[in-house]
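Visitor: Starting from the known structure of chain A, arrange chain B on it as the hints suggest.
The listed protein sequences derive, respectively, from chains A and B. Following the working numbering, the numbering of the first sequence begins with 122 at its first residue and continues without gaps. Following the working numbering, the numbering of the second sequence begins with 1175 at its first residue and continues without gaps.
None of these hints come from the bench; they were simulated from the model. Keep in mind that this is a model prediction, so the values were computed, not measured. Among these hints, one or two may not hold up.
Stated by the list, open to error - FRET-style restraints, in silico, Cβ to Cβ: (1) A:P155 to B:S1365: 21 to 27 Å; (2) A:P155 to B:L1305: 56 to 62 Å; (3) A:E160 to B:A1504: 44 to 50 Å; (4) A:E147 to B:D1326: 52 to 58 Å; (5) A:Q246 to B:W1238: 20 to 26 Å; (6) A:E147 to B:R1509: 39 to 45 Å; (7) A:A268 to B:E1375: 32 to 38 Å; (8) B:G1615 to A:P198: 31 to 37 Å; (9) B:W1505 to A:A191: 55 to 61 Å; (10) A:Q246 to B:P1551: 34 to 40 Å.
Said to hold, decoys possible - From the derived model, a few chain B residues whose C-beta atoms are all more than 12 Å from chain A: (11) H1221; (12) A1321; (13) E1453; (14) D1534; (15) H1554; (16) M1581.
To be verified - Derived DSS-like pairs (lysine-lysine); straight-line CA-CA distance at most 25 Å: (17) B:K1456 to B:K1467; (18) B:K1348 to A:K124; (19) B:K1362 to B:K1204; (20) B:K1348 to B:K1336; (21) A:K124 to B:K1336; (22) B:K1230 to B:K1456.
Beta carbons: idealized from backbone N, C-alpha and C, even for Gly.
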Amino acid sequence: MTKPLLVLGWGNRSRGDDALGPLCVERLRDALAPREDIEFLDDYQLMVEHVLDLYGRDRVLLVDASLGCAPPFETLPLRAAADGSLSSHALSPQALLQVYVELHDEPPPPCTLLAIRGEHFELGQAPSARALAHLDAALAWAAGWLAGAPGPARS
Amino acid sequence: MTASLETAAQPQNLRRVAIDPVSRVEGHGKVTILLDAQHRVQQVRLHIVEFRGFEKFIEGRPYWEVPVMVQRLCGICPVSHHLAASKALDRVVGAAAVTPSATKIRRLMHYGQVMQSHALHFFHLSSPDLLFGFDSEVNRRHIVGVAEAHPDIARKGVLLRKYGQEVIRATAGKRVHGTGSVPGGMNKHVSRADRELLLSEVQQMIAWSQDAVDIARTLHAQNPALYDHFGAKRAPMLSLVRPDGALELYDGVIRARDADGALLFDGASDQGYLDLIEEEVKPWSYMKFPFLKSLGPQHGWYRVGPLARVQNCDFIPSPLAESRRREFVAWGQGRPMHGALAYHWARMIELLHGMEVIADLLDDPDILSGELMAQGPRRHAGVGVIEAPRGTLIHHYEVGDDDLVTMCNLIVSTTHNNQAMNEAVRSVAREYLDGQELTEGLLNHIEVAIRAYDPCLSCATHALGRMPLELTLLGADGTVLDRAQKSSEGGFCHLDIARESDA
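One chain only, chain A, in its complex shape (with noise of 0.2 Å):
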């Protein structure tokens, strides 16, 4: 049974701030762990097999670290669009909908993108203190976002 809502994060833990989407979906999944309604997954990278976990649900929040975003996380209705990246092993949240489009042939669930701002991106580094009041900036939007009720998105 596919459940409604997903939280996809990806980033790598050795490696300072990117950890910040695998550690936004930790500590959701601790906070949130009685509800039976979510799906927590966490990988290296968004690769083209997640266009399957998209499939069935109501809504789905994809998170990442961002070195582009403003402080402390911004948020973003994700569209379809194919880009670059769709020739290399790791996609973009815009190209993953566009293949699921192309594989499913109908439109994608409603994703959104929670961009968590990253600064040190270091082998063996564990994630900045700045970095980690953005994550808590994050997790108190993400459960809002998850209950039901977000606040307005952040650009």
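Guide: Relative to chain A, chain B alone:
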């Protein structure tokens, strides 16, 4: 002959073209080409910034953490590092021979990893080039383009990949960050529920794997002039094989053949890899160049990965894949094939073999029960060698009495193939770029040759695999004439001109 293209006789008078992937993090590769005034290729070099920091990252850590930590080395083949580290550390805990149950569950995990990696590479990364053409419209040359034109092929690729991920989940505990394999064995069996789930789809996956071999074989048959010769360079081949000469990806002895297929050595213990292989340093590359000691650096460079493995073995110990191997060998008329595009055909034969092995192991009761851990006298060092999707992967550790790792040496598949990829790129540059004005399509010919080897250009980053490319054209006096970029976000555009110098 392409070896002469490594270093131009008079580089100061040549025009430089750099195909420079710009990566967000430390690991990346680039190709530099030197042209004379008539656009004739005089020098070609593939530079890969090898990531060595991870070995220092491991040193000082408790040995039992290592099989989990090394998975973060690579977001593409974490299971290969997980198992290679486990095999090396088996010896440290005195368990050179782990239990039958542990061996079979590890093998199941490994073949799941290999088949899902091969499916991703062929269907997602390479099929756009192969189905549409190397210089086809760039905006169509990706998995969405394949899904539009060949939805059945795209869907099979995604579902094969997903099946392999499920095999990994069932054996490692999770799709990623698995903890299933530990020094000395495994920490869990496969559940009956997972086995039933996987068995319910296994025949479909075998059928689709046969279809994949058909696609690769048909592509060769349709254009043999291209597929047999593109990026071709004669080279020795190295891989693990089973002691009886069978294809073996999890554990075996080391065998090497020369470019004509004659045995150079066979039955060598993986613990003695340093007696067989040496690494050469070249001043223009951060990445080392391994070679067979017996042949020396000039003639001893070799090829690893599917093309080497399928031709290095005497047979494949599964009937469907063995039948396809015989077709492959017959295509070469008894001579080893050395064209870069033959990797795709060999890779799909391995995909099929992987599915046959998975089917057999799912029927084996030892994956459901039995002893999981072995132990013996403690040792201070161990080597683990495994055939990762891209080729031979070597992990070597030394551990102190305090259980902390004191030395770590990793030789990854892409390092073994360093010279082979350089030679392939030189072959393509001479054949397709010589005397031509550069276009995105011609640039993609270079990428196609590199991509056939499925290199892992950067480990330890989830940006891995992104290969934005930058070209810079310089005049003989060093003046930048033109710059263009194909970014990771898409598009091929010309950039503002800036000066560059090194080659």
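Visitor: The structure should be examined with respect to each hint, and the outcome stated for every one.
Guide: For each hint, the structure was consulted:
{"no.": "1", "hint": "A:P155 to B:S1365: 21 to 27 Å", "result": "holds (24 Å)"}
{"no.": "2", "hint": "A:P155 to B:L1305: 56 to 62 Å", "result": "violated (48 Å)"}
{"no.": "3", "hint": "A:E160 to B:A1504: 44 to 50 Å", "result": "holds (48 Å)"}
{"no.": "4", "hint": "A:E147 to B:D1326: 52 to 58 Å", "result": "violated (38 Å)"}
{"no.": "5", "hint": "A:Q246 to B:W1238: 20 to 26 Å", "result": "holds (22 Å)"}
{"no.": "6", "hint": "A:E147 to B:R1509: 39 to 45 Å", "result": "violated (54 Å)"}
{"no.": "7", "hint": "A:A268 to B:E1375: 32 to 38 Å", "result": "holds (36 Å)"}
{"no.": "8", "hint": "B:G1615 to A:P198: 31 to 37 Å", "result": "holds (36 Å)"}
{"no.": "9", "hint": "B:W1505 to A:A191: 55 to 61 Å", "result": "holds (57 Å)"}
{"no.": "10", "hint": "A:Q246 to B:P1551: 34 to 40 Å", "result": "holds (38 Å)"}
{"no.": "11", "hint": "H1221", "result": "holds (19 Å)"}
{"no.": "12", "hint": "A1321", "result": "violated (3 Å)"}
{"no.": "13", "hint": "E1453", "result": "holds (22 Å)"}
{"no.": "14", "hint": "D1534", "result": "holds (24 Å)"}
{"no.": "15", "hint": "H1554", "result": "holds (24 Å)"}
{"no.": "16", "hint": "M1581", "result": "holds (18 Å)"}
{"no.": "17", "hint": "B:K1456 to B:K1467", "result": "holds (17 Å)"}
{"no.": "18", "hint": "B:K1348 to A:K124", "result": "holds (18 Å)"}
{"no.": "19", "hint": "B:K1362 to B:K1204", "result": "violated (43 Å)"}
{"no.": "20", "hint": "B:K1348 to B:K1336", "result": "holds (13 Å)"}
{"no.": "21", "hint": "A:K124 to B:K1336", "result": "holds (18 Å)"}
{"no.": "22", "hint": "B:K1230 to B:K1456", "result": "holds (22 Å)"}
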